[in-house]
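> Line by line, the protein sequences are chains A and S. FYI, the numbering for the first sequence is 38 to 229, going by the numbering used here. FYI, the numbering for the second sequence is 38 to 229, going by the numbering used here.
No incorrect hints appear here.
The list treats identical chains as interchangeable, and a pair is accepted whether it falls inside one copy or across any two copies.
Keeping only pairs whose Cα atoms sit at most 20 Å apart, straight-line, the calculated SDA-like set for lysine to any residue is: (1) K106 x V70; (2) K106 x L75; (3) K185 x E220; (4) K185 x P90; (5) K106 x R69; (6) K127 x T115; (7) K106 x L65; (8) K185 x T223.
By construction, these hints were calculated from the structure, which means they are not laboratory data.
There are 2 protein chains.
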Amino acid sequence: MRLWETLDVRELLSVGNRLRVALERVRLPDGRVIDDYLQLTTPSFVVIVAQRPDGRLLCERQYKHGPRKIVLTLPAGTIDPGEEPFSTAKRELLEETGYVSDEWQPLSNRIMYANAGGGVTYAFLARGCRKVAEPNSGDLEEIVIELKTPDELMRACLAGEMPLVSDAAALLPALLAIGTLAESPTALASRA
Amino acid sequence: MRLWETLDVRELLSVGNRLRVALERVRLPDGRVIDDYLQLTTPSFVVIVAQRPDGRLLCERQYKHGPRKIVLTLPAGTIDPGEEPFSTAKRELLEETGYVSDEWQPLSNRIMYANAGGGVTYAFLARGCRKVAEPNSGDLEEIVIELKTPDELMRACLAGEMPLVSDAAALLPALLAIGTLAESPTALASRA
Chain A
38 MRLWETLDVR ELLSVGNRLR VALERVRLPD GRVIDDYLQL TTPSFVVIVA
88 QRPDGRLLCE RQYKHGPRKI VLTLPAGTID PGEEPFSTAK RELLEETGYV
138 SDEWQPLSNR IMYANAGGGV TYAFLARGCR KVAEPNSGDL EEIVIELKTP
188 DELMRACLAG EMPLVSDAAA LLPALLAIGT LAESPTALAS RA
Chain S
38 MRLWETLDVR ELLSVGNRLR VALERVRLPD GRVIDDYLQL TTPSFVVIVA
88 QRPDGRLLCE RQYKHGPRKI VLTLPAGTID PGEEPFSTAK RELLEETGYV
138 SDEWQPLSNR IMYANAGGGV TYAFLARGCR KVAEPNSGDL EEIVIELKTP
188 DELMRACLAG EMPLVSDAAA LLPALLAIGT LAESPTALAS RA
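Using the sequences and the hints, build the whole thing.
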């Protein structure tokens, strides 16, 4: 199995750092050439699963214009040009929630679109979070912080109340890391 | 907490059914007006967690041009205009793997981008899958089917070998539904 070869890139649109759309001419391993393979470049972003010493997780209730709904989300934010994802995570957690942590752990890097690219979402776990300031995100959206136990948050996610794909993807490694989820005894037995 | 009001939509780019980019003029609840709020419309798609009677899950090894890598993915595909997501799921499972199922269950609907919109990814679980045909996806990518136990697939996902955000998001409800993951005894005890 071999990679595709990009022969040519034709930019269709560029909107500052927010979006770049291009059509690529690509050669497939079998020799076929596709003239207009669509590629999107969007900013990469971080998602943070932040836990307080009492076990509760920091969630945000806010309006999101993508789905046109008031939803539950995890703290998250766009990586500025040249910024390291871990720096973004620390910055966004403080800005959006007023919390800091000394116990950070990277969870996963995920690609937004298989075919078209998009950006990468970097998930982090921050434990032992403590509040040191008032939130001051500078975001357009009003953010209301809600505290949920891992169990409550998992149920909210499964019920569709936390509808962003990047939040759901971050919860799988996070809930395993903090011990809310584990392989079931049946699954372990079948593996033995 | 109130919704935003869209005052005006200015289309920047349209690429068939594949992409629409627009700038919206929106009014926030506090009265501020933002002139250039970016919105993307991309096709919605399905992701399928398909399990055989022997417990193993149908995975695909394929090159994906978004990440420019050969990756492990779940069967998935774009919803055609006017098509119901469940019809897409049945069609794509058959086309990409040659398998059918009589035991379908919807898992979750997830939004791709919180701010910009994007599409929706609909995840389904198909159990008791049986092979009735040879794969014939018509996709540009060569697809090699791999069978993995739920445990193996979860480890591959956690290790970054299955890097698509929509796959990782589908695994959380799927592994709970098929009993690979469960709330840990500690988590259950702390809830009691």
